[in-house]
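Visitor: When you get a sec, could you build the whole thing from the sequences and use the hints?
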Amino acid sequence: MKKIVAGMLFLLCCVIISACSNTQNTNTSSHSEPADDKQQTNDSQQSDHKLDEKESTDSINKPEEEVKPKYKVSDVWSIVPIEDHINKRVVLITIDDAPGKYALKMAQTLKNMDVNAIFFVNGHLLETTKKKEMLKQLNDMGFVIGNHTYSHASLPDLSKIEQRKEIIRVNDMVEEIIGERPKFFRAPNGENTDYSKQIAQEEGMTLMNWSYGYDWNKEYMSKDALTDIMINTNLLVNGANLLMHDRKWTEAALEDIVKGLRDKGYELVDPKLIRTTK
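Residue numbers (mature numbering (1 follows the signal peptide of the UniProt record, and there is no 0)): -19 to -1, 1 to 259.
Simulated from the structure, these hints should not be mistaken for lab results.
These numbers were taken from a predicted model, which means no experiment stands behind them.
Yeah, the Cβ is synthetic: ideal placement off N, Cα and C, and Gly gets one too.
One or more hints might be untrue.
[Unchecked claim] Listed next, with one range per pair, are the computed distances between beta-carbon atoms:
1. Lys199 x Thr258: 34 to 44 Å
2. Gln89 x Glu64: 27 to 37 Å
3. Asn213 x Glu157: 36 to 46 Å
4. Lys245 x Ser55: 16 to 26 Å
[Unchecked claim] Pairs of lysine-lysine residues, derived as DSSO-like cross-links and limited to a Cα-Cα distance of at most 27 Å, are as follows:
5. Lys229 x Lys69
6. Lys86 x Lys245
7. Lys229 x Lys240
8. Lys86 x Lys253
9. Lys199 x Lys69
10. Lys92 x Lys112
11. Lys112 x Lys204
12. Lys111 x Lys86
13. Lys199 x Lys82
Guide: What follows is the structure, encoded as structure tokens:
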């Protein structure tokens, strides 16, 4: 009898041990699978994050698409097409002595009318924080920045050392403010020297004078007079390179000048489409 009872107790213990073992295996299995899923999810999220990070980096490091030039500056400073099929009936807006009091107003007028232009800057106007910020704003608005020397001195009256300082100093200042050096150079009064031409070439700048301009003449220092002469002069022809300045009367006339030019069928050429030596 004792042997029978002992045998039954032994069998009962085996059953209990087996049941516990199955429960433990079940619990282990139910916890390990979600852990694997969680790890896969984390790995997937990390992979996606790295992909997004790479795409973001690629986007930042992607170089700005280079614009193919369509025009060039002629020997008489007009803007002419590089190829025959390109529109010839264009004019270029350029504004000297920036950034003065009216530069940003003029820039906003042009921006509102979807017109680009070259702002030729004088270095002595870039000595204050306010003026540096103005130049940065002009650049951020998409306008082209040109070199008009530091002090607007007559280059033929200067020594070679002085000429170099007048030109290089502006390029250095502009680069410090907007991150790039000017691609166009306009000598004060249009008076280049052999040496200033050499410096411009060394710096990769394209020389640019103009076809006509009137706002420096007392007779045209009013909105109506300036508007009339700028759009009705016989010098207004295909490719005309228009000279204007950072002046009160020019700022007042600018919108009407652009409208008048367009009414005559002229397209305002984007200076970024002009071939440069850089």
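Visitor: Hint by hint, say whether it matches the structure.
Guide: Results of checking the hints against the structure:
The beta-carbon spacing between Lys199 and Thr258, approximately 37 Å, falls within the hinted interval of 34 to 44 Å. A beta carbon spacing of about 33 Å between Gln89 and Glu64 agrees with the range 27 to 37 Å that was offered as a hint. Checked against the hint of 36 to 46 Å, the C-beta distance between Asn213 and Glu157 comes to roughly 42 Å, which is consistent with it. In this structure, Lys245 and Ser55 meet the distance hint of 16 to 26 Å, their C-beta atoms being roughly 21 Å apart.
For the proposed pair Lys229 and Lys69, the alpha carbon gap of about 31 Å is over 27 Å, so the pair is violated. A distance of roughly 25 Å separates the Cα atoms of Lys86 and Lys245; the hinted pair therefore holds under the 27 Å criterion. Restraint check for Lys229 and Lys240: the C-alpha separation of about 18 Å stays at or below 27 Å, so the hint holds. For the suggested pair Lys86 and Lys253, the alpha carbons sit about 21 Å apart, so the restraint of at most 27 Å is met.
Proximity of Lys199 to Lys69 is assessed by CA-CA distance (about 32 Å); at most 27 Å being required, the pair is judged violated. Our distance criterion of 27 Å between C-alpha atoms is met by Lys92 and Lys112, whose separation comes to about 20 Å. About 26 Å separates the Cα atoms of Lys112 and Lys204, which keeps this hinted pair within 27 Å; it holds. Our distance criterion of 27 Å between C-alpha atoms is met by Lys111 and Lys86, whose separation comes to about 15 Å.
Annotation: proposed proximity of Lys199 to Lys82 holds, straight-line Cα distance about 19 Å (limit 27 Å).
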